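Colleague: Next come the chains, spelled out residue by residue.
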Amino acid sequence: MRFVDEFRDADKAHALSAKIAALCEPGRQYKFMEVCGGHTHTIYKHGLEDYLPESVQLVHGPGCPVCVIPMGRVDDAMHLAAQDDVIMTSFGDMMRVPGSQGSFFDAKAAGTDIRMVYSPLDSLKIARNNPDKRVVFMAIGFETTAPSTAMTIMRAAAEGLENFSIFCNHVTIIPAIKAILDSPDLRLDGFIGPGHVSTVIGCRPYEFIAADYGKPVVVAGFEPLDILQSIYMLMLQLSEGRSEIENQYARVVPWDGNPVALKVIGETMQLRPYFEWRGLGFISHSALSVREQYAKFDAELLFDVPGVRVADPKACQCGEVLKGVLKPWECKVFGTACTPETPIGTCMVSPEGACAAYYNYGRMNRNRVAEVTIGSRP
Amino acid sequence: MTTQRPSWIDEALAEHDENHGHEGQGQPQGPVSDREQQVLDRIDKARRRRPKVREERITMSHGAGGKATHTLIEAVFLDAFRNPLLEPLEDAATLQAGSARVALTTDSYVVSPLFFPGGDIGELAVNGTVNDLAVSGATPRYLSAGFILEEGFPVADLNRIAESMRDAAAAAGVQIVTGDTKVVQRGKADGCYINTAGVGVFERDITLGVAHAQPGDAIIVSGPIGDHGVTIMLARGELDIEADLQSDTAPLNGLVAGLLDRAPGVRALRDATRGGVATILNEIAKSADVGVLVSEDDIPVRPEVRGAAELLGIDPMYVACEGRLVAVVDGDQADEALAALRAHPLGTQSSIIGHVTDGPPGLVHLKTAFGGTRIVDLLVGDPLPRIC
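These protein sequence lines are chains R and P, in that order. Using my numbering, the first residue of the first sequence is number 1, and each one after it goes up by one. Using my numbering, the first residue of the second sequence is number 1001, and each one after it goes up by one.
Careful: at least some of the hints might be erroneous.
As the list claims (entries may be wrong) - Distance condition first, Cα-Cα at most 27 Å in a straight line; then the derived DSSO-like pairs of lysine-lysine:
1. R:Lys-45 <-> P:Lys-1045
2. R:Lys-108 <-> P:Lys-1045
3. R:Lys-296 <-> R:Lys-178
4. R:Lys-296 <-> R:Lys-133
Because the hints were derived from the structure by calculation, they are not lab data. Computed from a predicted structure; not experimentally measured.
Construct all of the structure, not just a fragment, from the sequences and the given hints.
Modeller: What follows is the structure in structure tokens.
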């Protein structure tokens, strides 16, 4: 397949793997965080860690939009969905995320009108077709998905739709990265920067990471070779004593981002003073809400949202996993009480969640993989 | 601040404590790699526990052919009906009727849309049941057909469906010999649902079953995978993607007969319907308590299916086929079996995709095209409901 197979070439991977190994200083451990859940998914799905020397470790970051939604927000969404005249619409990822009263899937099975959509524009279509219902779109995601929500709000306004609103949970990546950099329990050598977010915000917003924290960042694409090359670029920076922002994903990411997308976000949304992130707690200016002039599309204003903060189950260590302090398997309930069928924490829900990715694809001891691949073949 | 939690979380946590000791105790010790292995062993133990349906209501996941379906079948139906004939949970049950050994199976069809490129619900209802019999090693003979029709359903459509069932039965060499019709009020069903049951006769003295898989066996798939599932998904028109694809629905009894004639070392056959090839590989690993290692490069997938799956973020390994089988064959007869499959028009693109290994038991490993290794687990969610 064009534009895919080129980025999954095993020979090129072997070559890059050797170059990465050659840059490893003996006795030194390297820890890089891939901020984005899409990268986590790619790493596990293609078995990319097999190409890395033992001294290079990947730490999974908080860039999985579903994973960072706190339980209280899920409860708020469930409350909205439970209103008699409401049709709740949501991306598929969100359907299985447990709130304190179960997930959208559970509510749907019990008769609540919750529909899965592939785009917020589909929600708009549902609103047009159901004039006697109020249609709410559960908006989640980083700067990647915010523009499409923004465009949907603007289109709803242009059409004069009266029965459509957004339950806005959009978050912004930079404050989360800063929170991780300021976290005392984690030592990182560099970041694999989120490619999709950067198509919107560009590379400039990361400059403080190199300037103030002295850590290199390489914005990376989502194919396995993209990630491997980004790790090589990070290793090269370290070996040459540099810390810079580099763009591996230049075929898609412009240095200054996408001004049109940024403009529509700015037009329809504003920064919240603070927002709760699962595991990371309250972070200032880390999320977006609908702007006042579009208030009639803001579900938080149209409905009575409970807004109750709900503590995670004590045993759940999603917070530590999201910050990269714990590996998924180091969580006490990983794989036993918390599994993809019955996820207790958000990281086990989305395919981009570190726990789900590890459980579904990586649940094996890489030191013992060799035993599997040899042996019984006749 | 009130914290309520669904009861199943508390239940799961209590169970966890019971099995693994309380906080702080029983945490793995030692170097990272050993600690990871201890956790993996613990998970393995947890996975072998008796399945339990935690949900209070049926969700779409229970029909998806993945983990939730398995749990539901084992915890509800197997528990209630338990008997030695049912227990193997094969595609068809093997029964003794006088001096004859027969196979019995049943399947219901709720596909939406009813008509799709390459077939319709009627053809599917015949082929699906014929295939469940064929992969048990029996020769399909007689089918029943039950219809649940919604008030208002066009008779012309029903005629089309019946004609297509007639043609499919003729092609497969089976007769539809009994049936049933029910009509429900408008809104209580979606047009037309069909149930078929089938009886086949064993003409060979063989017993096939995934539990017979042994290390060294070859695993063969009879052609490109995922055609049916992706075709149905695109036929619904919700995705605004078009591709030149059609369902692979076909009767597999001819293909199976050719295979069994030439390769008596066939240990198990499965048709890769709901849950796709990945689900079957997991059933092999679990039933026979062996490992399975397959190579992504060797798994045939049409470029159109790969493209659509890539766009939608789904894995063709989990997408349904309606005319493909997976064969587990004695390693020594792998080439002979492959040749037999390729000699049949429905098996020209057959491929050896991997092997059964000693271990780790119960796990399926995939050598990715990129050159890494990962596991292939049962599917949890439901990427595409109502595909058959």
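Colleague: Each hint needs a verdict: does it hold in this structure or not?
Modeller: Hint check:
Straight-line distance between C-alpha atoms of R:Lys-45 and P:Lys-1045 comes to about 24 Å, which keeps the hinted pair within the 27 Å bound. Annotation: proposed proximity of R:Lys-108 to P:Lys-1045 is violated, straight-line Cα distance about 32 Å (limit 27 Å). With a CA separation close to 33 Å, the supplied pair R:Lys-296 and R:Lys-178 exceeds the 27 Å bound. For the hint linking R:Lys-296 to R:Lys-133, the alpha-carbon distance of about 15 Å falls within 27 Å, and the restraint holds.
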